[in-house]
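A.B. asks: Next come the chains, spelled out residue by residue.
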Amino acid sequence: MSLETVHTDPEGYLANRDDWSEELAQELATSMGVSLTEEHWKVLNTARAIDAESGSSPGLRKISKRSETPIKAIYKLFPEGPAKAIAKIAGIPKPKSCL
Amino acid sequence: MKTILILGAGTAGTAIAHKMRRRLSNDWDVAVVDPSSTHLYQPGLLFLPFGDETEERILRERGSTLGKGITWHKDAVKAIDTEQRRVELVEGEPLSYDFLIIASGTEIRPDMIDGMMGPGWHESVFDFYTLEGAKALQKALANFEGGRLVINVVEMPIKCPVAPLEFAFLADWYLTKRGIRDKTELVYATPLDGAFTKPLASKTLGYLLENKSIRVETEFMTGEVDSEKNLIRSYDEREVPYDLLVTIPPHMGAGFLEDTDLADELAFVATDPHTLAAKNAERVFVIGDATDLPSSKAGSVAHFQADLMSENILRAIEGKELEPTFDGHSNCFVETGHGKAMLIDFNYDTEPLPGQFPIPGVGPLPLLKEARRNHWAKRLFRLVYWHGLLPARPIPISPTMSMAGKQLSAAAE
Chain V
1 MSLETVHTDP EGYLANRDDW SEELAQELAT SMGVSLTEEH WKVLNTARAI DAESGSSPGL
61 RKISKRSETP IKAIYKLFPE GPAKAIAKIA GIPKPKSCL
Chain P
1 MKTILILGAG TAGTAIAHKM RRRLSNDWDV AVVDPSSTHL YQPGLLFLPF GDETEERILR
61 ERGSTLGKGI TWHKDAVKAI DTEQRRVELV EGEPLSYDFL IIASGTEIRP DMIDGMMGPG
121 WHESVFDFYT LEGAKALQKA LANFEGGRLV INVVEMPIKC PVAPLEFAFL ADWYLTKRGI
181 RDKTELVYAT PLDGAFTKPL ASKTLGYLLE NKSIRVETEF MTGEVDSEKN LIRSYDEREV
241 PYDLLVTIPP HMGAGFLEDT DLADELAFVA TDPHTLAAKN AERVFVIGDA TDLPSSKAGS
301 VAHFQADLMS ENILRAIEGK ELEPTFDGHS NCFVETGHGK AMLIDFNYDT EPLPGQFPIP
361 GVGPLPLLKE ARRNHWAKRL FRLVYWHGLL PARPIPISPT MSMAGKQLSA AAE
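For the record, the sequence lines run as chains V and P. The first sequence finishes on residue 99 if you use this note's numbering, and the numbering steps up by one all the way, no holes. The second sequence finishes on residue 413 if you use this note's numbering, and the numbering steps up by one all the way, no holes.
Take the hints with a grain of salt, since some may be wrong.
To be verified - In silico DSSO-like cross-links for lysine-lysine, where the CA-CA straight-line distance does not exceed 30 Å:
| no. | chain 1 | residue 1 | chain 2 | residue 2 |
| --- | --- | --- | --- | --- |
| 1 | P | Lys139 | P | Lys340 |
| 2 | P | Lys320 | P | Lys279 |
| 3 | P | Lys139 | P | Lys212 |
| 4 | P | Lys159 | V | Lys65 |
| 5 | V | Lys72 | V | Lys94 |
| 6 | P | Lys198 | V | Lys76 |
| 7 | P | Lys340 | P | Lys369 |
| 8 | P | Lys159 | P | Lys74 |
| 9 | P | Lys159 | V | Lys94 |
| 10 | P | Lys2 | P | Lys203 |
| 11 | P | Lys320 | P | Lys203 |
| 12 | P | Lys78 | P | Lys68 |
| 13 | V | Lys72 | P | Lys198 |
| 14 | V | Lys76 | V | Lys65 |
| 15 | P | Lys203 | V | Lys94 |
| 16 | P | Lys229 | V | Lys76 |
| 17 | V | Lys72 | P | Lys229 |
| 18 | V | Lys94 | P | Lys369 |
| 19 | P | Lys198 | P | Lys279 |
| 20 | P | Lys139 | V | Lys94 |
| 21 | P | Lys68 | V | Lys94 |
| 22 | V | Lys42 | P | Lys279 |
What the hints assert, rightly or not - Reference listing, derived: stretches of chain P covered by chain V, where coverage requires no fewer than 3 residues with Cβ under 8 Å from a Cβ of chain V:
| no. | region |
| --- | --- |
| 23 | 161-170 |
| 24 | 190-197 |
| 25 | 334-348 |
FYI, nobody ran anything at the bench for these hints, they're computed from the structure. All values reported here derive from a predicted model rather than from experimental measurement. Beta carbons are placed, not taken as given, at the ideal position from N, Cα and C, and that holds for glycine.
My request is simple: use the sequences and hints to build the entire structure.
C.D. replies: Here's what the structure looks like:
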């Protein structure tokens, strides 16, 4: 599944989370102007792990604590807005409220 | 004597205590641990800042909210030992249990944000999630003569996720009544990408913000409150100035859960989303705001969970398999100001849909739509809370979500 063939919702989040792969994440990141380093992956994998265990897109503080990456540093890694960028690249739903 | 020990006697703890007391024989001690001598009706905190609710009406002696046959240990929890099945208390002797229910809720942690509890705390910076904060805010609003009123959700998850928006709507109404709405700029700053984040709500409810001239600052992750300059600063260096800041600080689970195997980084207990059993310990269940579940941290959720959890605890006592019955059902009134409110009803998989919500004996209430009937239902709910929810008496709403009355086609459009 590549960026051309994968289904996304109108906001650009993966429609089907099973479509996610590391290669697709690379492509998604590149399309958003982010070049993935080991630090990025630590944050992305943490977000994916939390989503898998709790069924909800995690907030930045929880990602920050678990990945031992300060929030300030997460902003440097994803300067265009980490909450949405992490969700998009990690293939998890966007952080939402109940309404 | 066997013991069901319940940590916390808030909405969830009190309801499940009554459920279990009714379902179990006298061979069982049903006991709650809670250090506070009063029970607070938390939905009232939304109205108190505007002078529409009083402390007397939303506060009761805890003893009066706990029925006969429920033991109350007025003490704070120090630690849980799930191996020994024992709970250590701050003052009293440790308590043993056969089954443990964690109902210790969540609390705001303004101390986690730089500067929030600085010189401006309860001077120009207020919360309304505590009685103390809501009372202080009532005074500040009464003296407010216009300027920038900023409502800031610092991060998710929070209790009653719609309350900050309701506060903005009610503030618009209050300021209009006082004749100073045109002198006030209302700003809603949120870490999410909109005030409404579910597809249908963002499509259909945007008019509320437009009509009420509420400016929304999106993806604003507050890093700091600068109460010298009266502004909040985000991690990406954006600044939102305020004359009066109403903050919804970060939330965490109870202190005794921090850094334990039971809980996550925010001290919320890892919980099975459908059986409500704790994931990392035997004979432990979790209810209400204390869970790490994506269901709303709301009173209705605690009520539905109590219904379903009581059945699962009986199964556990009998050595049977637990049933995955909880579906994330939540049912909330959303005040929109000027005497109107919406009703929303949803679960893990179904977003709030329009339609009519049938309540036997009460009649249908409009869903996802403003109506005066919903406002009065919300105001009357206080009585249902004290006399129905807390004593866990039957309420004519199913604990799992029903599609009856909902317009499915709306979601597809």
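A.B. asks: All the hints need checking, so say for each whether the structure fits it.
C.D. replies: Structure-based check of each hint:
1. P/Lys139 - P/Lys340: 25 Å, holds
2. P/Lys320 - P/Lys279: With a Cα-Cα distance of about 17 Å, the restraint between P/Lys320 and P/Lys279 holds, given a limit of 30 Å.
3. P/Lys139 - P/Lys212: 23 Å, holds
4. P/Lys159 - V/Lys65: 21 Å, holds
5. V/Lys72 - V/Lys94: Roughly 20 Å between the alpha carbons, so the hint for V/Lys72 and V/Lys94 holds.
6. P/Lys198 - V/Lys76: This hinted pair holds, its Cα atoms lying about 28 Å apart.
7. P/Lys340 - P/Lys369: 9 Å, holds
8. P/Lys159 - P/Lys74: 24 Å, holds
9. P/Lys159 - V/Lys94: Since the Cα atoms of P/Lys159 and V/Lys94 sit roughly 19 Å apart, the hinted pair holds (cutoff 30 Å).
10. P/Lys2 - P/Lys203: At roughly 53 Å apart (the allowed maximum being 30 Å), P/Lys203 and P/Lys2 break the hint.
11. P/Lys320 - P/Lys203: 45 Å, violated
12. P/Lys78 - P/Lys68: 26 Å, holds
13. V/Lys72 - P/Lys198: Cα-Cα ~28 Å, so holds.
14. V/Lys76 - V/Lys65: Answer holds: V/Lys76 to V/Lys65 is near 16 Å, not above 30 Å.
15. P/Lys203 - V/Lys94: Given pair P/Lys203, V/Lys94 holds - Cα atoms ~17 Å apart, limit 30 Å.
16. P/Lys229 - V/Lys76: 26 Å, holds
17. V/Lys72 - P/Lys229: Holds, because 22 Å separates the two Cα atoms, which is no more than 30 Å.
18. V/Lys94 - P/Lys369: Holds. V/Lys94 to P/Lys369 sits at ~25 Å (cutoff 30 Å).
19. P/Lys198 - P/Lys279: Within the cut-off at roughly 29 Å; holds.
20. P/Lys139 - V/Lys94: Not satisfied, since the Cα-Cα distance of roughly 38 Å exceeds 30 Å.
21. P/Lys68 - V/Lys94: Cα-Cα ~46 Å, so violated.
22. V/Lys42 - P/Lys279: At roughly 24 Å apart (the allowed maximum being 30 Å), P/Lys279 and V/Lys42 satisfy the hint.
23. 161-170: holds (count 3)
24. 190-197: holds (count 5)
25. 334-348: holds (count 4)
In this structure, the hints that do not hold are numbers 10, 11, 20 and 21, in rising order.
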